[in-house]
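K.L.:
Each chain, written out:
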Amino acid sequence: MFYFSPMSPDSVLSAPYVLEYTYRRSVGPVLGRFLAGLRDGRILGVATRAGRVLVPPQEYDPETGEAVGEMVEVSTRGEVASWAWMSEPRPGQPLERPFAWALVKLDGADTALLHVVDAGSPARMRTGMRVAARFRDERKGTIQDLVCFEPVAEGA
Amino acid sequence: MREVAIVSFAQLPAVRRDHVREDTEMLLPVLHEAVAASGIAKKDLGFTVSGSTDYLCGRPFSFVMALDAVGAFPPISESHVEMDGAWALYEAWVRLQHGDVDSALVYAFGKSSLGDVRAVLTQQLDPYLVAPLGPDSVSLAALQARVLLDRGRTTEREMAEIAARSRRDAMRNPSAQLRFDRGADLLLAEPYLVEPLRRHDCPPISDGACAMVIAAGDLARRVSRRPVFIAGIDHRIEAQGLGLRDLGDSPSTRLAAERAGVARAKVDFAEIHAPFTHQEVLVRDALGLAPGTPINPSGGALASNPVMVAGLTRIGEAAARLQAGDGERAVAHATSGPCLQQNLVCVLEARS
Amino acid sequence: MSDVVKGIKVPVRLAYTAIAGRDMTRFYQAIREGKLLGRRCPSCRKVYVPPRGPCPTCGVATVDEVAVRDTGTVTTFCIVNVPYEGQTMKLPYVYAMVLLDGADLPLPHLVQGLEADQVRMGLRVRASWAPEAERPASMEAIRWFEPSGEPDASYDSYREHL
Ligand SMILES: [Zn+2]
Chain S
78 MFYFSPMSPD SVLSAPYVLE YTYRRSVGPV LGRFLAGLRD GRILGVATRA
128 GRVLVPPQEY DPETGEAVGE MVEVSTRGEV ASWAWMSEPR PGQPLERPFA
178 WALVKLDGAD TALLHVVDAG SPARMRTGMR VAARFRDERK GTIQDLVCFE
228 PVAEGA
Chain Y
-11 MREVAIVSFA QLPAVRRDHV REDTEMLLPV LHEAVAASGI AKKDLGFTVS
39 GSTDYLCGRP FSFVMALDAV GAFPPISESH VEMDGAWALY EAWVRLQHGD
89 VDSALVYAFG KSSLGDVRAV LTQQLDPYLV APLGPDSVSL AALQARVLLD
139 RGRTTEREMA EIAARSRRDA MRNPSAQLRF DRGADLLLAE PYLVEPLRRH
189 DCPPISDGAC AMVIAAGDLA RRVSRRPVFI AGIDHRIEAQ GLGLRDLGDS
239 PSTRLAAERA GVARAKVDFA EIHAPFTHQE VLVRDALGLA PGTPINPSGG
289 ALASNPVMVA GLTRIGEAAA RLQAGDGERA VAHATSGPCL QQNLVCVLEA
339 RS
Chain G
2 MSDVVKGIKV PVRLAYTAIA GRDMTRFYQA IREGKLLGRR CPSCRKVYVP
52 PRGPCPTCGV ATVDEVAVRD TGTVTTFCIV NVPYEGQTMK LPYVYAMVLL
102 DGADLPLPHL VQGLEADQVR MGLRVRASWA PEAERPASME AIRWFEPSGE
152 PDASYDSYRE HL
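Protein chains in written order, with this note's numbering: chain S, 78 to 233; chain Y, -11 to 340; chain G, 2 to 163.
If we strip away everything but chain S, and leave its shape as in the complex, we get (with noise of 0.2 Å):
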């Protein structure tokens, strides 16, 4: 229950009020695999019919619309398609430090997966540069298992 409180003198009641829902979701057998994967500090792609391996893997192939094929690992390097400087961090977000948002490209994988760099200034961000994946120490099958991806040296 909430209660209003006038907003201003010439204005209506406003109240705060939160809504939440604690929705517990099932995943299915391709994202239970990949997220599985997580928890072991790997990361699963899956092989569309045509050789593509798409990461994080999707049920269908999004082009032909044909069941996918076997999964597959990738490697937990890869290189940053795009990326948008994160200055101030919104509640919730993965990391509580100015961050870069980025699409990640892993080796192996055809397609980009969304999560965060920890590169502590947009000076060491660009297209095209190197990182490796942060994994959380206690791992639970979730994508918060991925701690960020971080710098690493050209070509190592």
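Derived from the structure by calculation, the hints contain no laboratory data.
Note that the structure is a prediction, hence the values are computed from the model and not measured.
The reader is advised that the hints may include incorrect statements.
To be verified - The list that follows gives simulated cross-link-like pairs (lysine-lysine, DSSO-like), each with its CA atoms no further than 27 Å apart:
{"#": "1", "chain 1": "G", "residue 1": "Lys36", "chain 2": "G", "residue 2": "Lys47"}
{"#": "2", "chain 1": "Y", "residue 1": "Lys30", "chain 2": "G", "residue 2": "Lys47"}
{"#": "3", "chain 1": "Y", "residue 1": "Lys31", "chain 2": "G", "residue 2": "Lys47"}
{"#": "4", "chain 1": "G", "residue 1": "Lys10", "chain 2": "S", "residue 2": "Lys217"}
{"#": "5", "chain 1": "S", "residue 1": "Lys217", "chain 2": "G", "residue 2": "Lys7"}
Using the hints provided, position chains Y and G with the ligand relative to the given structure of chain S.
P.N.:
Okay, now just chains Y and G with the ligand, sitting in the frame of chain S:
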């Protein structure tokens, strides 16, 4: 296809925060204005459809409450889309193609001021792997802008010029929210909000509502001196996964434009629903507009951006302009989803 | 390969500021003073308490403010036997639609002061107000409705308001 025309359009001036009015109270005057201007009695309207999202106000089934403003009695034939009102217009247009009803009321409403719109829009993302990370609408748009900048498809200067032009043009639009003349040099001196986007590259947060009446050929000619016909309308969607898409292209806009027949004749002006400056570049190119085609004489979504309303407003603005005699043929565009995931293209032609 | 993950918890939390609107603000201010205000539709003359902006039947703004009495009739009700989180009432209790005298749309509220199995359609009730000093600007300014002692209302008197 059955001829369908827009015969009236009304909008509430967009504001940052309407302290006083609830959704229904905001809708009431625009519904009355649109119906009165249509020349069709409310009881004779064959169909009613709206576009809105409950997450915006945090009130489940708020679209049902909004029907209070329509006065849905005796029981009316009614529908709702959890989309921008432009998709409600599409449904109404399809409904009129059935041939058994001749007119429809279409409306949209959105009060972004009640919540945190950047967080609300996160709810439309993949709930398994993306939404749990909490990426907000501005950050995702910034990722897309970076792709265009990296490819040399636009520059930060061009983006600033789009922002400056939009708010300058909005000075002639009494319904627009951001109306000022501030040049690109001034804008480029500002810091980044989410690099590579500055505040001027982003839309304002707005409360607003709009309404439109459409009618089939004969009825439209009877009630309107200069009905604005929907010569073509189509919408297309791309994959949900941002990493699956080429964010530097808008194939859904291109296909919708093709299907709507944009290129069949000269386009006098375009109303593009591009909440972020770089998105105007993407949509403009995907629509295949001739160089120099005037874009967003209304100021566009960069001047006022009531969520779920701004797309239908583009179509309404274009129709109103044509109805007033400012051109014969226009293209209006609406978008939905992150980074222009879904796009609707509507070709409008005034026929006296 | 390890077990497949079956499900994940993905809680959603969104914070808002609700605004009451002009008419509801008047209503909430009045209810703290022990008064019930509604609005009358200029077209069909129906009185809505609480007010609800436009008349849902006519789609026009409700203009005239109308004060109604704090007595009314139970039009329909249910008996709640299910415990749930945040519950403050002792089970079983009655949740009813109360048509206030002078109003055309019943409002939902609690009915107390008699056994649940004694509550009936047509029961005449009166508001039990919270003490003035504790009255919130909400429907909780009325704690519940209780029998007024009048004879039951006839079905015909509320059949159009069910
Ligand atoms: Zn009425």
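K.L.:
Run every hint past the structure and note whether it holds.
P.N.:
Hint check:
The straight-line distance between the Cα atoms of G/Lys36 and G/Lys47 is roughly 19 Å, inside the 27 Å bound, and the hint therefore holds. For a cut-off of 27 Å, the pair hint linking Y/Lys30 to G/Lys47 stands: about 20 Å separates their Cα positions. At most 27 Å may separate the alpha-carbon atoms for a hinted pair to count; Y/Lys31 and G/Lys47 meet this at roughly 20 Å. Distance restraint check for G/Lys10 and S/Lys217: the Cα-Cα separation of roughly 11 Å lies within the 27 Å cut-off, and the hinted pair is therefore satisfied.
Of the pairs offered as hints, the one joining S/Lys217 and G/Lys7 holds, with about 12 Å between alpha carbons and a cut-off of 27 Å not exceeded.
Comparing the model with each numbered hint stated earlier shows that all of them hold.
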